[in-house]
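Enquirer: So the sequences go chain by chain: X and Y. Start counting the first sequence at 1; every next residue gets the next number (my numbering). Start counting the second sequence at 116; every next residue gets the next number (my numbering).
Read the hints as simulated data drawn from the structure, not as lab findings. All values derive from a computational prediction rather than experimental measurement. Don't take each hint at face value.
[Unchecked claim] Subject to a maximum C-alpha distance of 25 Å in a straight line, what follows is the list of computed SDA-like cross-link-like pairs (lysine to any residue):
{"hint": "1", "chain 1": "X", "residue 1": "K54", "chain 2": "Y", "residue 2": "P213"}
{"hint": "2", "chain 1": "X", "residue 1": "K71", "chain 2": "X", "residue 2": "A41"}
{"hint": "3", "chain 1": "X", "residue 1": "K110", "chain 2": "Y", "residue 2": "P213"}
{"hint": "4", "chain 1": "Y", "residue 1": "K159", "chain 2": "X", "residue 2": "S8"}
{"hint": "5", "chain 1": "Y", "residue 1": "K159", "chain 2": "X", "residue 2": "Q2"}
{"hint": "6", "chain 1": "X", "residue 1": "K107", "chain 2": "Y", "residue 2": "P213"}
{"hint": "7", "chain 1": "X", "residue 1": "K38", "chain 2": "Y", "residue 2": "E167"}
{"hint": "8", "chain 1": "X", "residue 1": "K110", "chain 2": "X", "residue 2": "V13"}
{"hint": "9", "chain 1": "X", "residue 1": "K110", "chain 2": "X", "residue 2": "D84"}
{"hint": "10", "chain 1": "X", "residue 1": "K107", "chain 2": "Y", "residue 2": "N168"}
{"hint": "11", "chain 1": "Y", "residue 1": "K159", "chain 2": "X", "residue 2": "N7"}
[Said to hold, decoys possible] Take a look, some chain Y residues computed to stay more than 10 Å from chain X by CB distance:
{"hint": "12", "residue": "R128"}
{"hint": "13", "residue": "G131"}
{"hint": "14", "residue": "Q132"}
{"hint": "15", "residue": "K159"}
{"hint": "16", "residue": "E187"}
{"hint": "17", "residue": "R193"}
No residue lacks a Cβ here, since even glycine has one placed at the ideal position from N, Cα and C.
Letter by letter, the chains look like this.
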Amino acid sequence: DQQVKQNSPSLSVQEGRISILNCDYTNSMFDYFLWYKKYPAEGPTFLISISSIKDKNEDGRFTVFLNKSAKHLSLHIVPSQPGDSAVYFCAASPGYGGSQGNLIFGKGTKLSVKP
Amino acid sequence: NAGVMQNPRHLVRRRGQEARLRCSPVKGHSHVYWYRQLPEEGLKFMVYLQKENIIDESGMPKERFSAEFPKEGPSILRIQQVVRGDSAAYFCASSDRPINSPLHFGNGTRLTVT
């Protein structure tokens with residue numbers, strides 16, 4: 001049973017436009033969410049995170065939105081660049097009741113940004 | 116490069132052999148995590164260690180798998196008597212604190228069991 005779902009396996013966007021990657025979760029105890037980017041043959045690279053006490057966090061071109069009532073978060077990349085082409089993973093932390101390092105990952109969304 | 120270092124990058128083992136995967140965390144990080152990624156899947160948590168202690172091994176198979184993070188030296192993930200189903204990418208990550216801190220991942224070890 002997947003607790004973190006990324007329902008779009010792939011997304012294609014034109015350079016300069018907005019990329020929106022979505023993630024849904026089922027466990028209301030999750031309290032810390034992260035986005036990672038992964039290139040082939042490399043490890044995931046941390047992008048941005050958000051705590052459940054916030055609904056938005058911004059870092060440069062990357063913004064993460066959290067909707068706790070809908071158990072949904074999204075990553076916005078504006079403007080998208082060809083170098084953003086990678087697989088993006090959403091991850092959730094199970095909260096203080098469990099190990100904070102026990103992140104639950106989605107299966108990823110492959111983003112392609114076309115020049 | 117002061118990031119998480121994993122070696123080897125690629126490891127080929129025949130069924131029944133042992134695999135040893137090594138991980139040196141970011142300097143100053145005392146929390147180490149091991150994850151496994153099967154093809155077309157997300158990363159799955161295996162074990163969380165803090166210097167000399169296993170904190171959470173809930174994601175690690177009970178048999179054949181073990182992990183350690185000694186006082187000196189890298190963390191080791193050990194897989195005994197490997198089977199084909201162990202073929203995967205194994206990622207190590209580290210953090211400077213256990214709560215609400217992003218994990219920094221290494222580039223992984225790709226294990227192939229023939």
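Enquirer: Could you run down the list of hints and mark each one as holding or not?
Expert: Against the structure, the hints come out as follows:
no. : hint            : verdict
1   : X:K54 x Y:P213  : 20 Å, holds
2   : X:K71 x X:A41   : 31 Å, violated
3   : X:K110 x Y:P213 : 29 Å, violated
4   : Y:K159 x X:S8   : 19 Å, holds
5   : Y:K159 x X:Q2   : 11 Å, holds
6   : X:K107 x Y:P213 : 24 Å, holds
7   : X:K38 x Y:E167  : 30 Å, violated
8   : X:K110 x X:V13  : 11 Å, holds
9   : X:K110 x X:D84  : 10 Å, holds
10  : X:K107 x Y:N168 : 30 Å, violated
11  : Y:K159 x X:N7   : 18 Å, holds
12  : R128            : 19 Å, holds
13  : G131            : 28 Å, holds
14  : Q132            : 24 Å, holds
15  : K159            : 7 Å, violated
16  : E187            : 22 Å, holds
17  : R193            : 19 Å, holds
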